[in-house]
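Colleague: Now for the letters of each chain:
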Amino acid sequence: MQTMPPDLSLKLANAVDGMPAFPKSVEKILQLTRDVNCTPKDIVQVIDKDPVVTVKILKVVNSAYYSLPRQITSVNNAVVYLGFNTIKNLALAIAAIGMMPKHNAADFDVDQYLLHSLSTAGIARKLASQMGDADPMDCFIGGLLHDFGKVVFAQFLPEEFRQALRMSQANKSSLHEALRQTVGVDHALVGAMLVEKWRFAPELIHTISHQYEADQVDTGLFACVFTANQISKQLGFGFGGNPCIHPLPEQVQRRMGGTLEDVIAASDDWSTVFDDAKLFATL
Amino acid sequence: MKVKFWGVRGSIASPGPATVRYGGNTTCIEVRTDNNELIILDAGTGIFPLSQSLLTELPVTANVLITHSHWDHIQGLPLFVPNFIPGNTLRLHGAYDPVTGKGVEQVMSVQLQYSYFPVREAELKARIEYVTLTPNESIQIGSATITPFMMNHPVIDFGYRIEANGKSVFFTGDHEPPPNIYEPQDPEFSEYQSFVDAKTADILQAMAGVDVLIADSSYTRAEYPAKKGWGHGTFDTSIEYAKLAGAKMLFCTHHEPTRSDDALDQVFEQVLLEHPRQAGDPIYRLAKEGDSYEF
Numbered sequence: 330m331q332t333m334p335p336d337l338s339l340k341l342a343n344a345v346d347g348m349p350a351f352p353k354s355v356e357k358i359l360q361l362t363r364d365v366n367c368t369p370k371d372i373v374q375v376i377d378k379d380p381v382v383t384v385k386i387l388k389v390v391n392s393a394y395y396s397l398p399r400q401i402t403s404v405n406n407a408v409v410y411l412g413f414n415t416i417k418n419l420a421l422a423i424a425a426i427g428m429m430p431k432h433n434a435a436d437f438d439v440d441q442y443l444l445h446s447l448s449t450a451g452i453a454r455k456l457a458s459q460m461g462d463a464d465p466m467d468c469f470i471g472g473l474l475h476d477f478g479k480v481v482f483a484q485f486l487p488e489e490f491r492q493a494l495r496m497s498q499a500n501k502s503s504l505h506e507a508l509r510q511t512v513g514v515d516h517a518l519v520g521a522m523l524v525e526k527w528r529f530a531p532e533l534i535h536t537i538s539h540q541y542e543a544d545q546v547d548t549g550l551f552a553c554v555f556t557a558n559q560i561s562k563q564l565g566f567g568f569g570g571n572p573c574i575h576p577l578p579e580q581v582q583r584r585m586g587g588t589l590e591d592v593i594a595a596s597d598d599w600s601t602v603f604d605d606a607k608l609f610a611t612l
Numbered sequence: 069m070k071v072k073f074w075g076v077r078g079s080i081a082s083p084g085p086a087t088v089r090y091g092g093n094t095t096c097i098e099v100r101t102d103n104n105e106l107i108i109l110d111a112g113t114g115i116f117p118l119s120q121s122l123l124t125e126l127p128v129t130a131n132v133l134i135t136h137s138h139w140d141h142i143q144g145l146p147l148f149v150p151n152f153i154p155g156n157t158l159r160l161h162g163a164y165d166p167v168t169g170k171g172v173e174q175v176m177s178v179q180l181q182y183s184y185f186p187v188r189e190a191e192l193k194a195r196i197e198y199v200t201l202t203p204n205e206s207i208q209i210g211s212a213t214i215t216p217f218m219m220n221h222p223v224i225d226f227g228y229r230i231e232a233n234g235k236s237v238f239f240t241g242d243h244e245p246p247p248n249i250y251e252p253q254d255p256e257f258s259e260y261q262s263f264v265d266a267k268t269a270d271i272l273q274a275m276a277g278v279d280v281l282i283a284d285s286s287y288t289r290a291e292y293p294a295k296k297g298w299g300h301g302t303f304d305t306s307i308e309y310a311k312l313a314g315a316k317m318l319f320c321t322h323h324e325p326t327r328s329d330d331a332l333d334q335v336f337e338q339v340l341l342e343h344p345r346q347a348g349d350p351i352y353r354l355a356k357e358g359d360s361y362e363f
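Chains as they are written, first to last, in the working numbering: chain A, 330 to 612; chain B, 69 to 363.
Take the hints with a grain of salt, since some may be wrong.
Computed list of lysine-lysine pairs in DSSO-like fashion (alpha-carbon distance at most 30 Å, straight line) [to be verified]:
hint	chain 1	residue 1	chain 2	residue 2
1	B	Lys170	B	Lys267
2	B	Lys235	B	Lys267
3	A	Lys526	A	Lys378
4	B	Lys296	A	Lys388
5	A	Lys357	B	Lys296
6	A	Lys501	A	Lys340
7	A	Lys378	B	Lys295
8	B	Lys295	A	Lys370
9	A	Lys357	B	Lys295
10	A	Lys385	B	Lys296
11	A	Lys370	B	Lys296
12	A	Lys417	B	Lys311
13	A	Lys417	B	Lys235
14	B	Lys296	A	Lys378
15	B	Lys267	A	Lys388
16	A	Lys388	B	Lys170
17	B	Lys170	A	Lys357
18	B	Lys170	A	Lys370
19	B	Lys235	A	Lys378
20	A	Lys417	A	Lys353
21	A	Lys378	B	Lys311
22	A	Lys370	B	Lys267
23	A	Lys417	B	Lys170
24	A	Lys385	B	Lys267
25	A	Lys388	A	Lys353
26	B	Lys296	A	Lys607
27	A	Lys385	B	Lys193
28	B	Lys235	B	Lys296
29	A	Lys417	A	Lys385
30	A	Lys370	B	Lys235
Partial list, computed: chain B residues near chain A (C-beta under 7 Å) [said to hold, decoys possible]:
hint	residue
31	Pro166
32	Pro222
33	Tyr250
34	Tyr260
Covered by chain B, according to a simulated footprint, are these stretches of chain A (three or more residues, beta-carbon under 8 Å) [unchecked claim]:
hint	region
35	359-371
36	404-410
37	454-461
38	599-609
No wet-lab data here; the hints were simulated from the structure. The beta carbon of each residue, even a glycine, is placed where N, CA and C say it ideally should be.
Sequences and hints are given; from them, build the entire structure.
Modeller: Given below as structure tokens:
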């Protein structure tokens with residue numbers, strides 16, 4: 330575990346406190362969509378209370394693809410028109426990316442960051458479905474949020490973050506090491522503080538906080554998110570600011586059935602995940 | 069116009085001694101206009117025997133209309149024999165799926181991956197074209213006007229109305245008349261019901277006055293409560309649509325894969341007893357593999 334001086338600790342705690350709350354509706358939608366017995370009424374009522382998700386669903390339903398004779402104006406109306414399952418899946422995807430930031434003050438390319446996060450999320454979910462010993466939705470969320478600490482830095486320590494980004498680019502070093510030099514700690518630790526504040530499951534917190542101490546965690550969730558992160562970087566699906574690709578540690582290789590190159594070679598349609606990421610980034 | 073059934077089972081192909089009479093293949097219906105244009109509704113496993121019947125009239129242009137992308141409606145597509153013979157055209161029509169952001173081309177690309185099928189799309193000899201359709205917007209296939217309509221299923225599902233030379237047929241694809249998700253005592257009940265009523269009116273309008281209605285009739289009324297939300301209709305809902313739409317003939321299809329031919333006959337006999345035909349009512353039939361109907 331990284332240690333830090335008390336003033337930095339206080340500064341980061343304040344920064345984390347200043348981040349928006351993880352939307353309750355997202356948590357609820359995630360929880361409900363894991364339960365096959367949840368009724369359409371339950372889900373509609375959660376979506377209805379989240380104006381962002383509602384507006385995005387209505388945007389999709391009223392889009393040119395469905396050239397409707399009349400405007401769809403409510404989630405209930407959308408369910409009758411497009412069907413419950415389609416609305417449920419749309420809500421899930423929209424909700425999970427809804428809290429991604431759009432702007433920052435550190436010259437951090439948020440669009441590329443969003444693509445990297447979304448593609449890592451999609452790859453992690455795909456790996457989980459193939460491996461079978463991790464929950465695909467947890468892997469999706471883990472992938473989506475693994476770099477969220479960078480967002481905290483971009484918003485609250487933009488100077489130090491910009492400097493670290495430049496340093497990492499200039500000497501092709503890992504961004505987490507540059508951050509340790511400029512800020513004092515890396516984004517893994519701050520990201521973990523944030524998801525802890527959001528009361529995520531301990532396994533997810535560990536997955537995020539130990540990204541660079543990979544030998545310390547041996548779970549399906551960790552293996553999927555770690556591997557997905559490297560695949561996303563190797564194949565250039567977006568860019569989270571870190572030019573370094575890390576080899577798979579031994580216990581991750583054991584779970585994934587081979588090296589990073591083996592895992593990448595095992596499928597010929599990684600681009601599908603990237604297409605999905607691009608689609609969701611525009612919603 | 070002629071309609072021929074090549075697959076009438078729902079969910080999964082179900083060959084065996086108990087399904088010999090009505091057939092074990094999944095959804096595939098051939099429609100021929102009076103001008104002999106070839107329109108194929110869905111590409112379930114029934115499309116394989118259909119494709120063999122085409123070998124005497126090559127080259128063909130097969131206009132396949134996909135209602136939705138569930139396996140039992142697309143699984144026969146990779147083995148559509150004319151795909152492997154130069155000179156043929158497969159024109160695949162279907163919906164855009166807002167969840168994946170993909171059009172109908174996804175139906176082929178998902179199946180034609182080396183892990184699932186030995187031939188890639190690039191290796192097919194026929195010309196393959198994709199047409200992603202917009203609901204309520206008609207397209208022309210030779211003498212036929214085709215209009216897709218949004219139905220209710222756990223994935224985007226089109227019902228198709230085909231009109232040619234003054235004759236018409238409507239196929240629902242898989243469809244459950246949308247139920248009200250609220251209880252009568254809930255404050256949202258009546259507003260939701262108004263959406264359902266508007267949707268029902270749209271569907272009846274789409275089916276209005278057809279010569280032939282082919283409808284998802286998976287369940288009996290007694291079986292339905294346990295299957296609510298699965299996206300399928302009952303014999304009773306299909307009969308109601310046929311009557312209200314003023315259809316001349318109703319073919320009930322998407323037979324339960326576990327229902328034997330004898331059980332299917334029994335169930336249908338009971339349905340006819342419960343819905344005795346009055347003057348002007350449609351004729352009710354069970355869709356049967358190999359049967360054709362000319363009108």
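Colleague: Now tell me if each hint is right for this structure.
Modeller: Evaluated hints:
At most 30 Å may separate the alpha-carbon atoms for a hinted pair to count; Lys170(B) and Lys267(B) meet this at roughly 25 Å. In summary, the hint linking Lys235(B) to Lys267(B) is supported, as the alpha carbons are separated by about 25 Å, within the 30 Å threshold. With a C-alpha separation of about 23 Å, the suggested pairing of Lys526(A) with Lys378(A) holds against the 30 Å cut-off. Of the supplied pair hints, the one linking Lys296(B) and Lys388(A) holds, its CA atoms being roughly 28 Å apart against a limit of 30 Å.
Annotation: proposed proximity of Lys357(A) to Lys296(B) holds, straight-line Cα distance about 24 Å (limit 30 Å). For the proposed pair Lys501(A) and Lys340(A), the alpha carbon gap of about 28 Å is at most 30 Å, so the pair holds. About 29 Å separates the Cα atoms of Lys378(A) and Lys295(B), which keeps this hinted pair within 30 Å; it holds. For a cut-off of 30 Å, the pair hint linking Lys295(B) to Lys370(A) stands: about 17 Å separates their Cα positions.
For the hint pairing Lys357(A) with Lys295(B), the CA-to-CA distance comes to about 25 Å; that is within 30 Å, so the pair holds. The hinted pair formed by Lys385(A) and Lys296(B) meets the criterion: a straight-line CA distance of about 28 Å does not exceed 30 Å. Between the alpha carbons of Lys370(A) and Lys296(B) the distance comes to roughly 14 Å, so the proposed pair stays at or under 30 Å and holds. Between the alpha carbons of Lys417(A) and Lys311(B) the distance comes to roughly 33 Å, so the proposed pair goes past 30 Å and is violated.
Of the pairs offered as hints, the one joining Lys417(A) and Lys235(B) is violated, with about 39 Å between alpha carbons and a cut-off of 30 Å exceeded. For a cut-off of 30 Å, the pair hint linking Lys296(B) to Lys378(A) stands: about 26 Å separates their Cα positions. Between Lys267(B) and Lys388(A) the alpha-carbon distance is near 20 Å, which keeps this suggested pair within the 30 Å criterion. This hinted pair checks out: Lys388(A) and Lys170(B) have alpha carbons roughly 17 Å apart, not beyond 30 Å.
Between Lys170(B) and Lys357(A) the alpha-carbon distance is near 27 Å, which keeps this suggested pair within the 30 Å criterion. For the hint linking Lys170(B) to Lys370(A), the alpha-carbon distance of about 28 Å falls within 30 Å, and the restraint holds. The hinted pair formed by Lys235(B) and Lys378(A) fails the criterion: a straight-line CA distance of about 48 Å is larger than 30 Å. Distance hint between Lys417(A) and Lys353(A) is fulfilled; the C-alpha atoms sit about 16 Å from each other, no more than 30 Å.
This hinted pair does not check out: Lys378(A) and Lys311(B) have alpha carbons roughly 40 Å apart, beyond 30 Å. Taking the CA atoms of Lys370(A) and Lys267(B), the gap is near 18 Å; set against the 30 Å cutoff, the hint holds. With a C-alpha separation of about 17 Å, the suggested pair Lys417(A) and Lys170(B) falls inside the 30 Å cut-off, and the hint holds. Using a Cα cut-off of 30 Å, the hinted pair Lys385(A) and Lys267(B) holds, with the two alpha carbons roughly 22 Å apart.
In summary, the hint linking Lys388(A) to Lys353(A) is supported, as the alpha carbons are separated by about 22 Å, within the 30 Å threshold. Proximity of Lys296(B) to Lys607(A) is assessed by CA-CA distance (about 35 Å); at most 30 Å being required, the pair is judged violated. Simply put, Lys385(A) and Lys193(B) have alpha-carbon atoms about 42 Å apart, too far for the 30 Å limit, and the pair is violated. Using a Cα cut-off of 30 Å, the hinted pair Lys235(B) and Lys296(B) is violated, with the two alpha carbons roughly 34 Å apart.
For the suggested pair Lys417(A) and Lys385(A), the alpha carbons sit about 13 Å apart, so the restraint of at most 30 Å is met. For a cut-off of 30 Å, the pair hint linking Lys370(A) to Lys235(B) is broken: about 41 Å separates their Cα positions. Hint status for Pro166(B) relative to chain A: holds, with the closest Cβ pair at about 5 Å, below 7 Å. Restraint check, Pro222(B) versus chain A: the minimum CB separation of about 4 Å is within 7 Å; hint holds.
With 7 Å as the threshold, the beta carbon of Tyr250(B) comes within range of chain A, its nearest partner Cβ sitting at about 6 Å, so the hint holds. Nearest Cβ of chain A to the Cβ of Tyr260(B): about 5 Å, under the 7 Å cut. The hint holds. With 3 residues having a Cβ less than 8 Å from any Cβ of chain B, the region 359-371 of chain A passes the three-residue criterion, so the hint holds. Residues of the region 404-410 of chain A with a Cβ under 8 Å from some Cβ of chain B number 5, which satisfies the need for three, so the listed coverage holds.
Coverage of the region 454-461 of chain A by chain B is violated in this model, with 0 residues showing a Cβ closer than 8 Å to a Cβ of that chain against a need of three. For the region 599-609 of chain A, the stated coverage by chain B is satisfied: 3 residues place a CB nearer than 8 Å to a CB of that chain, which reaches the threshold of 3.
Violated hints for the displayed structure, listed by number in ascending order: 12, 13, 19, 21, 26, 27, 28, 30 and 37.
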